[in-house]
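Each chain is listed here by its residues.
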Amino acid sequence: MTLATLLQLLINGVLFGTMYGIAAIGLSVIFGMMHILFLAQGTMIVLAAYCCYWLFELYGMNPYLSALVIVPAFLLLGQALYHGLFRRVSVSGVFPSLLIAFGLMSLLENLISVLWSPNPRAIVADYSGYSISLWVLHVSFTRLMAFGMAMLAAGGVTLFLKKTLLGKAVRAASENMEYAMLVGITPHRANGVAFAIGMGLAGLAGIATATVYPFDPNFGFIFSLKAMIALALGGMGSVMGALAGGILLGAIESFSSYVFSSAWADAIGYALFLMVLMFKPEGLFSPSPNGNRK
Amino acid sequence: MGNLLLDVSGLDVFYGGAQALHGVGFKIYGGEVFSIIGSNGAGKTTVLKTLAGLIHPSSGQAIFDGTRIDGNSPVSIVDLGISLVPEGRGLFLGLTVKENLELGAFPMRSRPMASESLAWVLGLFPILTPLRDQVAGRLSGGEQQMLAIARALMGRPRLLMLDEPSLGLAPFVVKTVFDIIAHLKGQGVTVLLVEQNIHQALKIADRGCVIKTGRVAMTGKGCDLLTDPDIRKAYMGSLQ
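Chains A and B are the protein sequences, given in the same order. Quick note: the first sequence uses our numbering, first residue 1126, plus one each step. Quick note: the second sequence uses our numbering, first residue 88, plus one each step.
A few of these clues could be false.
[Unchecked claim] Distance condition first, Cα-Cα at most 30 Å in a straight line; then the derived DSS-like pairs of lysine-lysine: (1) B:K299 with B:K320; (2) B:K262 with B:K290; (3) B:K299 with B:K185; (4) A:K1288 with B:K185; (5) B:K272 with B:K262; (6) B:K185 with A:K1287.
[What the hints assert, rightly or not] Restraint-style ranges between C-beta atoms, simulated for each label pair: (7) B:P199 with A:N1187: 36 to 46 Å; (8) B:G153 with A:L1201: 37 to 47 Å; (9) A:L1399 with B:Q283: 40 to 50 Å; (10) B:G158 with A:L1201: 47 to 57 Å; (11) A:V1194 with B:A257: 36 to 46 Å; (12) B:G255 with A:L1399: 33 to 43 Å; (13) B:A257 with A:L1135: 46 to 56 Å; (14) A:F1220 with B:G224: 26 to 36 Å; (15) B:A269 with A:F1220: 48 to 58 Å; (16) B:E203 with A:L1402: 44 to 54 Å; (17) A:L1201 with B:R155: 46 to 56 Å; (18) B:G224 with A:F1404: 20 to 30 Å; (19) A:L1201 with B:E203: 31 to 41 Å; (20) A:T1283 with B:G228: 54 to 64 Å.
Hints listed in this document are in silico derivations from the structure and should not be mistaken for laboratory results. A virtual CB, placed ideally from N, CA and C, is assigned to each residue, including glycine.
Extracted from the complex, chain B is given alone in its bound form (with noise of 0.2 Å):
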């Protein structure tokens, strides 16, 4: 296990009146894959659009390598080097394919090494190469994944999250998402999955948690939690 990266604690959220979370806490370290997984509704998504700084909690902490980022700007969270591919991918749909990768590097921290980081997420996704000057919205369900988690990288992030990247992608892109996310693991990416994609996303993870109405219901390593008979019931009836 590598140095405690990310660590969440206690965090509450409210929509309104409504409570999304209730003290929801986790840590993730440097290297590893973390899945939150549950059903939908459940908050995974409010989870990861917190961390991101798109909604400030009401209470509870995260600390991201040592500095205190629960209800900071996102573009300052961005800066930091946590970068959220959020549901619905995120592009720029009238830009290129190019011009979107172009923007992932806009953070300071990440723009000198921009020309290297082109090549490099052109070399993992070799698909995009010939579509570069494509505009985004033009390109089909798989391949605008694939952009997104390019542009993402392109940011160079320590902390890469990806909210549902298998959603209303056909299984053998689903397939190819998931290849590549253990591939960004072997380089040192660490990344914290939200899935409704159960078996997968506790099956690539190192840990991973369960979220229930708001609340953590369990954490543990993805294999315990992939072998859980309560899960196994609760999430992946289809799938016996």
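Bound conformation, chain A alone (with noise of 0.2 Å):
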């Protein structure tokens, strides 16, 4: 393997894993919060990927354009999710939001098959072949696109969690429910705020994957699997460690696809899953549990 071959797949990889960090970001807001892994992420994320294919097929509308009405439009869809189906159920513990998250993952999925049909999609532009050349490195012009979009989204949630008053109750509710309602911050909005998060990204995330590769109605359980095992290696709870996970998710399976074949390469990443859910069960980039904390 010269050394350009492996800067080569390393920036695939990177480039990639973004996509899987922005769901994974979406997936640790939601799971800080009700403690539960929103199972239909992934198929939100298919649903936004289906909004911008038709808007650019039947309105010509330029996909990264598209954004200004998808990710408003999902930020106030995982609103109404959250109030509409959450909401009630929420206060009986966390299976019952489980379930309903896994049944609005099997609606969405048959829905689109059925209106749209099954069939792959993607979006063909001018742009989507065209690729920026450095040295003998090629990086895809989506791609890099997808991963600013990512970093964006990133700074974004993080900017939101840490500066306004809004985002630290959303913190501070994480941490203690209980707690965050005696200084009057109420339950219902802080999960309706993460379903929020949560679904804003899965439309940037829609977008980016729109771009950048052909998709169906059943790759969303697929892309909520690789996010779950994003989060895993990042840790629950830290947006920058979801995005890390994500990334370095990315690496290993375009290494892995290299040197071994793609059919490994996922093999290779649910073992990854599952191994460090055994030896570092709070993620590979977080402190140790009682490191930061008395």
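Reconstruct the complex from the two isolated chains, following the hints.
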């Protein structure tokens, strides 16, 4: 393996992994709040990819510009999903919420198949095949854009959580809901905000997906799985950890599909997922659990 | 004595099948320090949790400044101006001191005053100023207690409820905590104090009551309770 190949694989992996990263950040925010893995995250990403696709096909809207429509729409959709589906069961424990997420995933998957056929779709624009050459390396334009969107999303979510009062309230509520109520934070409001963030990120990830490669309705579940692996690698409850976990997973997949095959890449990813959960369940990038708190 | 601020009567509270409070009632007037004392497990914390809306009573009522609050949500009770510093302090350990304080002013009625409140509480608790950017989990027990009280004050409460503020603290820190309560009283803050440190709690209180196995056994002025022979015998044996 030459140095150039090595670097090329790394770049491909990192750029690809940021998409897992965006999905994982969404999962992480929702998990931190409601303690459920939102299984439908990947399918919501696919739904956003279809929105992007149809806006492009029917109205000729630039996929990147369509973020201005899709992301706000998905933020609202997140609020609506929480208040419509999860609000009532959120008080009766984790299991009903998990089942609802599973049901939502199946429903959406089938609905998309029926409405828009199960055939793969892809956005083909004049810049889709464009790539930037640097020395002997090639960086695909759409993947670079996906990377940029992921960075913006991670930065945006971090800023929101660290700098705004509502963001601080979300962090407080995900640390301890009872204490949060005692300072006047409404649990349903905090949960709703977490869901909105998760879905807003799904919207962005959907656009990135639609521009980078072909997708079909069943793609969502695999995306959820990968995001879950990224989350386990990076550690639950940290935005940058989730992003880093996604990037790491992307790099590992990129290398193992070159060295072995893409089927092996998946197997290696899942094996790594189990290993991390067994030996470092707090994630590779978070300090040990008794390290930062008394 | 100020106007009647909190009127609690006939509170019955159950944990599953076990009755924790039996017809608990007392009155708190504006500007006073009211102490609830009693041994471990007598139901003191249950009274505070019920008033904060974390537990709903099966009967009885609590009226705060003319508004019935029993059975209301914790958030609506905070919005009315009742803040609880729970046992264990209730801090967000992963957030910084400053973030904890800012969240203290989350209720709508206190939000417009947030920056003045911050200056006020940092004046009351100067030790917090250099710790502003520290994560709350890294503070010592005494510092955490100061932060917990400071955060509750950020909400500009009309009634401040403190659950065992001296628990687990070194004696000189306990003294600081009681000095602060005395100071707050001087500033006109009404305080409902629950303590196992009975001597201190009664010394500082205008009035108070004794809770025994979920019932109010005695109500009176702080100084009267302090010198009551039964109370001395039952709770302060070690201090004599």
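Structure-based check of each hint:
no.: 1; hint: B:K299 with B:K320; verdict: holds, 14 Å
no.: 2; hint: B:K262 with B:K290; verdict: holds, 12 Å
no.: 3; hint: B:K299 with B:K185; verdict: violated, 39 Å
no.: 4; hint: A:K1288 with B:K185; verdict: holds, 12 Å
no.: 5; hint: B:K272 with B:K262; verdict: holds, 15 Å
no.: 6; hint: B:K185 with A:K1287; verdict: holds, 12 Å
no.: 7; hint: B:P199 with A:N1187: 36 to 46 Å; verdict: holds, 43 Å
no.: 8; hint: B:G153 with A:L1201: 37 to 47 Å; verdict: holds, 39 Å
no.: 9; hint: A:L1399 with B:Q283: 40 to 50 Å; verdict: holds, 48 Å
no.: 10; hint: B:G158 with A:L1201: 47 to 57 Å; verdict: violated, 33 Å
no.: 11; hint: A:V1194 with B:A257: 36 to 46 Å; verdict: violated, 59 Å
no.: 12; hint: B:G255 with A:L1399: 33 to 43 Å; verdict: holds, 41 Å
no.: 13; hint: B:A257 with A:L1135: 46 to 56 Å; verdict: holds, 54 Å
no.: 14; hint: A:F1220 with B:G224: 26 to 36 Å; verdict: holds, 30 Å
no.: 15; hint: B:A269 with A:F1220: 48 to 58 Å; verdict: holds, 50 Å
no.: 16; hint: B:E203 with A:L1402: 44 to 54 Å; verdict: holds, 49 Å
no.: 17; hint: A:L1201 with B:R155: 46 to 56 Å; verdict: violated, 36 Å
no.: 18; hint: B:G224 with A:F1404: 20 to 30 Å; verdict: holds, 25 Å
no.: 19; hint: A:L1201 with B:E203: 31 to 41 Å; verdict: holds, 35 Å
no.: 20; hint: A:T1283 with B:G228: 54 to 64 Å; verdict: violated, 31 Å
Checked against the numbered hints given earlier, this structure breaks hints 3, 10, 11, 17 and 20; the rest are met.
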